[in-house]
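K.L.:
Sequence:
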Amino acid sequence: MVLNPAKREKKSQYDQKLCRLLDEYTQVLVVAADNVGSTQMQNIRKGLRGDSIILMGKNTMMKRSIRLHAERTGNDAFKNLLPLLVGNVGFIFTKGDLKEVREEIAKYKVGAPARVGLVAPIDVIVPPGNTGLDPSQTSFFQVLNIPTKINKGTVEIVTAVELIRKGEKVGSSEAALLSKLGIRPFSYGLVVVSVYDNGTVFSPEVLDLTEDDLMEKFRSWLSNVTSLSLAVSFPTLAAAPHMFINAYKTALSLAVATEYTFPQAEKIKEYLKDPTKFAVAVGGDAAAPATSAKEEKAEQSEPAKEEEEESDEDLVAVGIKLLTIASSVGRNSGRIAKSSPCHSHPQGVAVLKQTKPAHRPGMPCLWKCVSNFLS
Numbered sequence: 001m002v003l004n005p006a007k008r009e010k011k012s013q014y015d016q017k018l019c020r021l022l023d024e025y026t027q028v029l030v031v032a033a034d035n036v037g038s039t040q041m042q043n044i045r046k047g048l049r050g051d052s053i054i055l056m057g058k059n060t061m062m063k064r065s066i067r068l069h070a071e072r073t074g075n076d077a078f079k080n081l082l083p084l085l086v087g088n089v090g091f092i093f094t095k096g097d098l099k100e101v102r103e104e105i106a107k108y109k110v111g112a113p114a115r116v117g118l119v120a121p122i123d124v125i126v127p128p129g130n131t132g133l134d135p136s137q138t139s140f141f142q143v144l145n146i147p148t149k150i151n152k153g154t155v156e157i158v159t160a161v162e163l164i165r166k167g168e169k170v171g172s173s174e175a176a177l178l179s180k181l182g183i184r185p186f187s188y189g190l191v192v193v194s195v196y197d198n199g200t201v202f203s204p205e206v207l208d209l210t211e212d213d214l215m216e217k218f219r220s221w222l223s224n225v226t227s228l229s230l231a232v233s234f235p236t237l238a239a240a241p242h243m244f245i246n247a248y249k250t251a252l253s254l255a256v257a258t259e260y261t262f263p264q265a266e267k268i269k270e271y272l273k274d275p276t277k278f279a280v281a282v283g284g285d286a287a288a289p290a291t292s293a294k295e296e297k298a299e300q301s302e303p304a305k306e307e308e309e310e311s312d313e314d315l316v317a318v319g320i321k322l323l324t325i326a327s328s329v330g331r332n333s334g335r336i337a338k339s340s341p342c343h344s345h346p347q348g349v350a351v352l353k354q355t356k357p358a359h360r361p362g363m364p365c366l367w368k369c370v371s372n373f374l375s
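Just so you know, full-length UniProt numbering puts 289 at position 289 of the sequence shown, and the rest follows in order with no gaps.
Calculated directly from the structure, the hints in this document are not laboratory data.
Hints are not guaranteed to be accurate.
As the list claims (entries may be wrong) - Label pairs and their computed distance ranges (CB to CB): (1) G47 - V143: 55 to 63 Å; (2) G96 - D134: 51 to 59 Å; (3) K107 - N4: 38 to 46 Å; (4) E156 - E104: 40 to 48 Å; (5) F244 - W221: 17 to 25 Å; (6) W221 - A160: 43 to 51 Å.
Claimed, not checked - Straight-line C-alpha distance at most 25 Å; calculated SDA-like pairs for lysine to any residue: (7) K109 - I125; (8) K17 - V193; (9) K95 - S203; (10) K166 - P235; (11) K180 - T131; (12) K166 - T154; (13) K149 - L133; (14) K107 - V30.
Here a beta-carbon is modelled for each residue, glycine too, at the ideal position from N, C-alpha and C.
Build the full structure now, drawing on both the sequences and the hints.
P.N.:
This is the structure in structure tokens:
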């Protein structure tokens with residue numbers, strides 16, 4: 001069969017246009033154009049004019065052009081568009097924001113009546129109320145099992161009725177009733193079914209994700225990474241704070257259980273030997289607002305000494321808080337990474353053996369790191 005020269009030229013121009021758009025644009029919206037009229041399509045083209053181009057065509061011709069262009073250029077990413085060409089679909093090539101383009105397309109949806117044989121895209125519910133129809137139409141409502149009553153010479157629907165369910169075909173009786181009631185239940189327009197972005201194809205629901213949604217997912221992933229790092233004793237940036245807290249808790253436990261000590265552990269040992277000191281420190285803080293003017297003057301006369309004492313108490317308080325936090329983390333984190341003693345501190349070997357430390361070859365001695373950090 002010899003192809004008409006005019007048709008051959010038209011197909012050639014279409015092929016060149018599609019290939020040019022594929023090379024120029026990296027973002028493509030695949031849209032379904034069911035029940036979209038020519039006037040409606042023209043209005044959509046006008047609304048998108050400037051940064052977007054709509055291209056419709058036969059699926060077979062579009063698939064052939066895309067496949068040949070992918071082979072010529074060696075860009076196999078174009079082939080990801082081939083499975084999307086099913087049904088009455090087209091392409092919207094754009095350089096703008098994908099979400100904004102989709103919102104612009106949604107503005108041009110128009111209402112349409114329910115036609116016989118049409119598949120309902122949504123549920124159709126007839127609301128209760130006066131229909132304005134004369135009583136002779138009562139039998140028509142009875143056929144559709146719609147409860148009615150006569151009110152002031154007109155038919156009134158008593159309760160709301162689900163006339164058509166989503167996915168069902170519209171029958172002749174349903175279409176006639178909706179026409180009598182003046183209800184246009186359906187709205188039609190271009191519907192985005194898939195999104196192509198730099199070779200990646202994804203669902204249009206991804207465009208609905210906000211920054212808060214992304215941050216929530218990031219926090220969830222970060223929590224999983226932290227838990228996994230702590231469980232296998234593998235240091236990562238996310239798990240580092242928890243590992244330092246656990247190491248500090250281990251160092252304090254060793255200092256309390258052995259004769260080894262460091263400055264931050266000395267106050268803890270004193271409080272453990274004499275718990276009344278801790279009660280006095282807490283009571284002193286609670287009674288601070290009730291100090292006399294004479295005591296305030298004495299404190300002002302010795303600012304340097306008082307500042308030094310407060311710093312020591314703050315340091316001890318921080319140590320106690322760290323112990324509390326570390327204990328909480330240890331209870332909630334499952335398997336917590338524990339550090340291993342180095343050979344230069346034999347006094348901590350017995351204690352750490354009881355905790356079954358997980359010391360790996362090639363990893364730095366966490367005991368030594370914490371000791372250097374605290375000193």
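K.L.:
What hint numbers does the structure not satisfy?
P.N.:
Hint check: 1, 10, 12 fail, others pass.
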